[in-house]
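Student: In the order they appear, the protein sequences are chains A and B.
Numbered per my numbering, the first sequence spans residues 1 to 763.
Numbered per my numbering, the second sequence spans residues 764 to 989.
Since the hints were made in silico from the structure, they are not lab data.
Computed from a predicted model, the values in this text were never measured in an experiment.
Some hints here could point you the wrong way.
[Claimed, not checked] Derived list of chain A stretches under chain B, where covered just means 3 residues or more per stretch with a C-beta under 8 angstroms from a C-beta of chain B:
hint : segment
1    : 174-180
2    : 266-272
3    : 437-451
4    : 454-461
Backbone N, C-alpha and C define an ideal beta-carbon position, used for all residues, glycine too.
Read off the chains here:
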Amino acid sequence: MTAIQPAVDTVEHASGTPDLEQPYRELGLKDDEYARIKEILGRRPTDAELAMYSVMWSEHCSYKSSKVHLSYFGETTTDEMRSKMLAGIGENAGVVDVGDGWAVTFKAESHNHPSYVEPYQGAATGVGGIVRDILAMGARPLAVMDPLRFGDPEAADTRRVVHGIVAGVGGYGNCLGLPNIGGEVVFDSSYQGNPLLNALCVGAMRVEDLHLAHASGTGNRVVLFGARTGLDGIGGVSVLASETFGGDEHSGGRKKLPAVQVGDPFTEKVLIECCLELFAQRVVVGIQDLGGAGLSCATSELASAGDGGMHVYLDRVPLRATGMTPAEVLSSESQERMCAVVKPEDVDAFMAICAKWDVIATDIGEVTDGDHLVITWNGEVVVDVPPRTVAHEGPVYHRPIERPADQDALQADTPDALARPSTPEELLALVTTMASSPNLASRKWVTDQYDRYVRGGTVLAQPSDSGMIRIDETTNRGVALSTDCNGRFTKLDPYAGAQLALAEAYRNVATSGATPVAVTNCLNFGSPEDPAVMWQFEQAVKGLADGCAELGIPVTGGNVSFYNQTGSTAVLPTPVVGVLGVIDDVRRRIPTGIGAEAGETLLLLGDTRDEFGGSEWAHVVHGHLGGLPPKVDLAREKLLGEILVAGSRDGMVSAAHDLSDGGLAQALVEACLIGETGARVFLDGDADPFVQLFSESAGRVLVAVPRTEELRFTDMCTARGLPWSKVGVVDPEAGALEIQGIGTLPLAELREAWEATLPALFD
Amino acid sequence: MSLRVGVITFPGTLDDVDAARAVRYADAEAVPLWHADPDLRGVDAVVVPGGFSYGDYLRCGAIARFAPVMQSVIEAAGKGMPVLGICNGFQILCEAGLLPGALVRNSKLHFVCRDQWLKVENNTTAWSSRYERGAEILVPLKSGEGGYQADQRTLDELEGEGRVVFRYVGGNPNGSRNEIAGITSANGRVVGLMPHPEHAIEALTGPTDDGLGVFLSLIDAVGVPA
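My request is simple: use the sequences and hints to build the entire structure.
Tutor: Have a look at this one:
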């Protein structure tokens, strides 16, 4: 069948047909936005221009609902916080100076909706996209992490989503040769029709090798390289074509391909190695990955970040489908593509490196001295726009904000009246019940599908508190990362909930011995058109920014995902926070499991209060969500972090585990099982054992210290004003977790409870 | 002068960095070899590392066996050069006919990454002489297609001639026949295994340093050049 060659809507044609009706509403543009485009251009946009503006002005690309709130991150970042930042919000990813001449870049992104529609490919391309963001900074990607949220584990559809997403994360990441060093797996029925697939990547480079996306230098060439461009991921833009062709969706066999992109990790692996060689040979002036909005985004962002002018010969783009229109070529989200700006004299060397890696590379245009992005198609001008208006001057909304009417009732519905276990037998049984509950059970079934060893730099991975990688084999310098968020806490109080997420990630990094230095985030919320959701969002952003200011570490980048809802019900507000820490010598890392040294004392650092609002206990035992989340004390978190880092540096701490979901009981179970060592625990006889074991008060860490270091360590805590109490001793002979006055749980029994849950649900 | 050990990189190879590091930890020199270049650069032995060569799209290792460098490896192996294939490298050696059998999808059908106990069954090969016979070692296993399969006659031959080098203990992780994790050629110079000794060369980044013995064994097999 001969492909139908579409009549192309050129700038000239657009000027001559000012009143032609265009399907801008179907593309998601509002009347006033369409009017604004006409005002910018002084005419109606061409099909190709309309495609570019509609996709670049979408919520996903323009942050139009969140922008006015996100500026608060910048306003609350002081010069001191910024001192180690080499690049921040607005770049592909934030970059931090970590010492010894190393720069580390990290960022998280969401791929939620595609991961529900087509879990495997949605997850796979989510990983692929964030890895290219890191690569575009000039860094070698070193590791990935995946914070995941799923619906009710018992629901029929959850199995499909879990299997697909986990296999997709593993399938893509494993094939890229990037260790997966952590993340989260959380189940809650609010995510039933809207799972969250957040992907984080971290990379490293020498400070002098940082590449920022820009297109300076008149005469420089624009080179597109990587995979061919096809019809995948075009989504809404197909409406343009069907309009043009009178709605015949079968013409040329080219319409309505699935909106979810398909990933090819092998191509991306080769692209990574190719890019790193291009960087090393210094033949790249500027580089940008092609992700959401494809070439529309890459060309307009490269041009507007440079001197402003660019000419792209769009018909040169290598295609994998016939009869594609310029609008489709510009909007395609085909994966595994990059766009570079190259000096004319370096083009041959650039092409030779691409040829070595069998990567298709095409000179598609040049940087011009004008201030317009001009795109031609077989000699005819189809786009002629000021690039900044596409990339950065999208609409800004001040969405209505309103505290939900039922927020007071939610907070008033405290867990205080819920029945609590009182007898030793009930308490002991609860330890096992909690350990086997879906959110606390071992994540092995998931993480054993991810390669955590490749590249030989993984010092800590799941089930440790943070993932840690060595970045320099000669100095043993490394970084640690943790991502956290308790959506129930954020639902009860979005401001405090975001701070609790920050506090937990910060604590997890410090618990492994690293000093927290920077923050990224992935803010997953419901519809921004719902004033109650916008209130949650605004509160969470403020909480996170204020928290970062108090801790003195900057937010270096982030991502916003709106419209996460099942029907009209929004997901739990889920501002996932990622904290990056630095450790001078990874050999000083603190492991999670106890028993590494003979004769360890178990100490609990921090204060325990009767705090069960939003707790895992209330969720598991009573299906209850109400009251207030635990109190936040960031000054305490900072002090705790300093103590842990000092403990690691001076070899005073042999193991440590953060207390969070499930409280002390769960921390003890995990520390014993991971360390394959038993312990004897003594509770405070004057306090409620249930509160001591299951409260989720923040700012607490369980540490194991060798008996020889106990006095030195506790003296340090006392001198610095950090409350501590002795809660037990490690007992390698016991083979059990013994809680005095409550009972004894053999480790084999605990292991069965902890490890059997996910296989039973999903195998 | 130290022993020179070639480490091949195909497009899609992932564990070449680790294999080269393991070679260095054994005080040998790691020499990068490129898939498209038949020149073995005068190496004393070759490691075919893990990964997804050419995306493993047709069948694991099926394309890699035709790479120019592999023609040289096949020829050199025929003259007794020690060759080690790890994971995808094992699959490639099977496809290339240097080792019998094939690797198929894991019995549970998904990728498995875990610390795996192996029993050393043969300590007379070029890549296992540093171990005690019967020793149990703990190294990572990470693969989606690690199930070793061969016809009964081949299995009988391998078992009868003592050519099973490593065997899974503590449960069969992927459905391999006879719990086979690694095998050797008739002359004991070519060894292929699914688990990753190169990821277990230091306790800091691996479960143990049990895997280093594989690379140290090579020094016994070849000797350190003067």
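Student: Please go over all the hints and tell whether each is borne out by the structure.
Tutor: Comparing the hints with the structure gives:
{"no.": "1", "hint": "174-180", "verdict": "holds (count 4)"}
{"no.": "2", "hint": "266-272", "verdict": "holds (count 4)"}
{"no.": "3", "hint": "437-451", "verdict": "holds (count 5)"}
{"no.": "4", "hint": "454-461", "verdict": "holds (count 6)"}
Against the hints set out earlier in the document, no violation occurs for any number.
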